[in-house]
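Undergrad: The chain contents come next:
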Amino acid sequence: MSFARPARCLFCSFSRAATPVTRIPRRQFHPATALLNEKPKVPDINASKTQAVNTSQPEKKPELKPEDFKEYTEEEKAALAKEYSKAQMDAVAAGEAAIDPKDLADQFNPRQDPLHFRYLDDFSVIEPVIDRHVRNPQSNTDYNWKPKSEEDFAEDLGKYIADMPDEADNIDFMRFLDEVRVTRGKEENELKPHSALVPELFGPGETVDEPRIEEQKSAFERGEKERSRVAEEMSEGHQNLLMTTGYTSSQAQNIRTKVLVSHSVVNQTRLGKIRRQYCLAVAGNQKGLLGIGESKSDEGTDANIQAKARAIRNMQPVPRYENRTVYGDLTGKVGAVELKLMHRPPGFGLRVQYLIWEMCRAAGIRDLSARVNRSRNPMNTVKATYKALMSQRDPEEIARARGKKIVDVRKVYYANQV
Amino acid sequence: MSLVNLAAVCSHLNNATSVRLGLTSIPNSKMHLKLCLALQNSGYISSVVRGGPTPPPAHPLLGYPAVNNKVDTIEPITRQNIASRRIWLGLKYWQNESVLGKMSMVSKPTRRITMTVSQLRRIVRGEDVEYVGGIRSPGESLYLSTDRGIMEARECIEKMLGGLVLCRVL
Numbered sequence: 000m001s002f003a004r005p006a007r008c009l010f011c012s013f014s015r016a017a018t019p020v021t022r023i024p025r026r027q028f029h030p031a032t033a034l035l036n037e038k039p040k041v042p043d044i045n046a047s048k049t050q051a052v053n054t055s056q057p058e059k060k061p062e063l064k065p066e067d068f069k070e071y072t073e074e075e076k077a078a079l080a081k082e083y084s085k086a087q088m089d090a091v092a093a094g095e096a097a098i099d100p101k102d103l104a105d106q107f108n109p110r111q112d113p114l115h116f117r118y119l120d121d122f123s124v125i126e127p128v129i130d131r132h133v134r135n136p137q138s139n140t141d142y143n144w145k146p147k148s149e150e151d152f153a154e155d156l157g158k159y160i161a162d163m164p165d166e167a168d169n170i171d172f173m174r175f176l177d178e179v180r181v182t183r184g185k186e187e188n189e190l191k192p193h194s195a196l197v198p199e200l201f202g203p204g205e206t207v208d209e210p211r212i213e214e215q216k217s218a219f220e221r222g223e224k225e226r227s228r229v230a231e232e233m234s235e236g237h238q239n240l241l242m243t244t245g246y247t248s249s250q251a252q253n254i255r256t257k258v259l260v261s262h263s264v265v266n267q268t269r270l271g272k273i274r275r276q277y278c279l280a281v282a283g284n285q286k287g288l289l290g291i292g293e294s295k296s297d298e299g300t301d302a303n304i305q306a307k308a309r310a311i312r313n314m315q316p317v318p319r320y321e322n323r324t325v326y327g328d329l330t331g332k333v334g335a336v337e338l339k340l341m342h343r344p345p346g347f348g349l350r351v352q353y354l355i356w357e358m359c360r361a362a363g364i365r366d367l368s369a370r371v372n373r374s375r376n377p378m379n380t381v382k383a384t385y386k387a388l389m390s391q392r393d394p395e396e397i398a399r400a401r402g403k404k405i406v407d408v409r410k411v412y413y414a415n416q417v
Numbered sequence: 000m001s002l003v004n005l006a007a008v009c010s011h012l013n014n015a016t017s018v019r020l021g022l023t024s025i026p027n028s029k030m031h032l033k034l035c036l037a038l039q040n041s042g043y044i045s046s047v048v049r050g051g052p053t054p055p056p057a058h059p060l061l062g063y064p065a066v067n068n069k070v071d072t073i074e075p076i077t078r079q080n081i082a083s084r085r086i087w088l089g090l091k092y093w094q095n096e097s098v099l100g101k102m103s104m105v106s107k108p109t110r111r112i113t114m115t116v117s118q119l120r121r122i123v124r125g126e127d128v129e130y131v132g133g134i135r136s137p138g139e140s141l142y143l144s145t146d147r148g149i150m151e152a153r154e155c156i157e158k159m160l161g162g163l164v165l166c167r168v169l
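Order-wise, the sequence lines are chains A and B. If you read the first sequence in numbering that gives the first Met the number 0, its first letter stands for residue 0, the second for the next number, and so on. If you read the second sequence in numbering that gives the first Met the number 0, its first letter stands for residue 0, the second for the next number, and so on.
To be clear, the hints were calculated from the coordinates, so they are not data collected in a lab. Careful, some of the hints might be misleading.
[What the hints assert, rightly or not] Selected chain B positions facing chain A (in silico; Cβ < 8 Å):
no., residue
1, Ser41
2, Tyr63
3, Lys91
4, Gln94
5, Tyr130
6, Arg135
7, Pro137
8, Gly138
[Claimed, not checked] Pairs of lysine-lysine, DSSO-like flavour, derived with a Cα cap of 27 Å:
no., chain 1, residue 1, chain 2, residue 2
9, A, Lys386, B, Lys33
10, A, Lys403, B, Lys33
11, A, Lys382, A, Lys404
12, A, Lys382, B, Lys101
13, A, Lys404, B, Lys69
14, A, Lys403, B, Lys107
15, A, Lys386, B, Lys101
16, A, Lys404, B, Lys101
We put the CB at the ideal spot given by N, CA and C, even for glycine.
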């Protein structure tokens with residue numbers, strides 16, 4: 000749900016300070032943690048009581064005091080004198096004398112103000128993106144560069160042959176080929192050119208999720224000859240799936256898949272019965288994506304793998320209210336299975352039958368109850384549940400269709416923190 | 000106050016929206032008119048106009064019949080033509096779906112159900128009361144006939160009114 004601020008005239012904003020009328024108070028929809036952590040202005044009489052109750056707050060570390068910073072003892076000075084020269088020792092002593100222990104105590108204490116950093120860092124390293132981009136200097140640029148001619152290359156080769164050591168081998172020649180330059184002009188212009196573009200953060204094939212791509216590669220990908228059976232298996236179905244869906248292997252591992260229905264089916268031909276295995280699987284990322292996949296195969300394991308892969312490929316977003324339950328009561332009907340999914344309050348849990356439970360777990364729905372009426376065929380139950388979950392209507396869309404405004408009262412009451 | 004006719008109206012509106020009609024008509028009666036105005040107030044239908052057996056002229060800008068049509072004025076209702084009047088309703092659609100969902104009767108001609116304010120409160124919170132299901136889906140409404148006209152269940156609670164439960168719109 001969107002909580003747009005009321006539209007105001009642009010020109011009104013210039014004269015706002017002059018207007019004596021108080022503006023309409025608006026509720027802040029952001030969690031104001033910085034203010035919540037502040038101490039109350041008036042000391043609380045019941046502070047001792049509340050402190051006893053409120054044990055969840057992290058304990059503060061004892062603050063450093065100026066007395067904690069003492070001068071070097073004679074033994075320490077003797078130990079230092081072994082490492083440092085007389086002049087250096089004098090400099091250490093001068094530095095010690097120059098800095099007030101009170102300042103040291105102030106600086107070493109962790110910051111408590113609202114703007115303090117929420118992480119530990121000594122800020123000694125420039126982080127690209129966070130601090131600034133690290134680029135090659137502009138002075139590397141040479142506007143007079145020219146590509147080398149054939150004669151230049153011949154000259155380079157001649158120089159290499161002239162300077163060649165007595166026992167030169169292939170490695171020396173390869174090194175020469177690597178090091179030989181292809182342009183004339185400044186060396187940095189060719190090797191480390193300055194660019195106004197944002198520098199590359201990652202190496203080729205590297206992502207935020209998988210910074211160490213080399214280690215995560217399978218044996219097959221690394222081109223190792225002795226492949227394990229697991230790697231072999233992954234190269235067929237799994238690799239194909241990753242190609243079509245665009246998921247990385249770690250993302251695919253986090254997808255929850257489960258075969259819910261599996262039975263053999265028979266095709267009667269004039270030559271006899273042909274048995275095959277049927278599988279129905281569900282897949283979900285537990286964050287609102289859900290898919291079902293069906294497959295048939297002569298082999299049971301084959302059907303399992305195919306059904307799971309198809310379920311992952313078919314994953315679609317399921318609308319979730321507060322990321323825990325569904326919007327309104329839903330009905331689904333496939334064949335003779337008629338079911339009803341009912342939204343429930345937080346903490347209710349999944350009080351549903353096992354097939355719907357598995358689907359809700361995969362989709363990330365946590366509060367739900369359901370009734371399955373008439374038939375309870377497992378295959379049709381799964382399909383009807385999927386249909387029901389997909390038939391949800393967005394309240395925002397309903398409000399737009401009816402020309403009404405809508406506000407989620409729970410969201411406002413809990414300051415957008417539900 | 001015939002609930003038989005009201006049931007026919009509910010079915011007719013369900014049929015009309017399922018075949019995506021833009022304009023439809025229902026028999027004229029005071030109860031039908033009040034219910035339609037309540038539906039229009041809730042945003043389920045776009046227009047309510049009393050016209051003759053043929054559809055009234057469309058508004059040049061809106062595209063559906065409207066009472067404030069200055070170009071082709073709607074025929075005024077007189078004692079002579081009142082018997083032939085019908086209520087013409089403009090139906091709304093949004094993103095290939097009908098805005099007016101499924102209408103179903105709650106009271107039946109043989110079994111009228113009345114609700115007090117305290118019972119209505121429970122219904123609006125989603126509880127079932129005396130075989131009347133709670134309002135548990137987004138965009139669901141329940142219409143009641145009270146002594147101050149036909150209105151939505153939540154409006155009844157605001158005005159502290161109970162009444163006869165007519166129909167439910169999902």
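Undergrad: Hints first: check each against the structure and report whether it holds.
TA: Verification of the hints:
Contact between Ser41 (chain B) and chain A, as hinted, is supported at the beta carbon level, the nearest pair being about 7 Å apart and thus within 8 Å. Annotation: interface hint on Tyr63 (chain B) violated; nearest CB of chain A at approximately 15 Å, more than 8 Å. Because the beta carbon of Lys91 (chain B) sits about 7 Å from the nearest beta carbon in chain A, less than 8 Å, this interface hint is met. Among the interface hints, the one on Gln94 (chain B) holds; its C-beta lies about 7 Å from the nearest C-beta in chain A, closer than the 8 Å criterion.
Restraint check, Tyr130 (chain B) versus chain A: the minimum CB separation of about 17 Å is more than 8 Å; hint violated. Given hint, Arg135 (chain B) at the interface with chain A, holds; its Cβ is 5 Å from that chain's nearest Cβ, closer than 8 Å. The restraint placing Pro137 (chain B) at the interface with chain A holds, with a minimum CB-CB distance near 4 Å, inside the 8 Å limit. Proximity of Gly138 (chain B) to chain A holds as hinted, the smallest CB-CB distance being about 4 Å (cut-off 8 Å).
Between Lys386 (chain A) and Lys33 (chain B) the alpha-carbon distance is near 36 Å, which puts this suggested pair outside the 27 Å criterion. The hinted pair formed by Lys403 (chain A) and Lys33 (chain B) meets the criterion: a straight-line CA distance of about 20 Å does not exceed 27 Å. A threshold of 27 Å between alpha carbons decides the hint, and for Lys382 (chain A) with Lys404 (chain A) the separation of about 34 Å lies outside it, so the pair is violated. With a CA separation close to 23 Å, the supplied pair Lys382 (chain A) and Lys101 (chain B) stays within the 27 Å bound.
Under the criterion of a C-alpha separation no larger than 27 Å, the hint pairing Lys404 (chain A) with Lys69 (chain B) is inconsistent with the structure, at around 30 Å. Between the alpha carbons of Lys403 (chain A) and Lys107 (chain B) the distance comes to roughly 31 Å, so the proposed pair goes past 27 Å and is violated. For the given pair, Lys386 (chain A) sits about 18 Å from Lys101 (chain B) by alpha-carbon distance, which is consistent with the 27 Å threshold. Using a Cα cut-off of 27 Å, the hinted pair Lys404 (chain A) and Lys101 (chain B) holds, with the two alpha carbons roughly 22 Å apart.
Going down the numbered hints, you'll see the structure goes against 2, 5, 9, 11, 13, 14, while the others check out.
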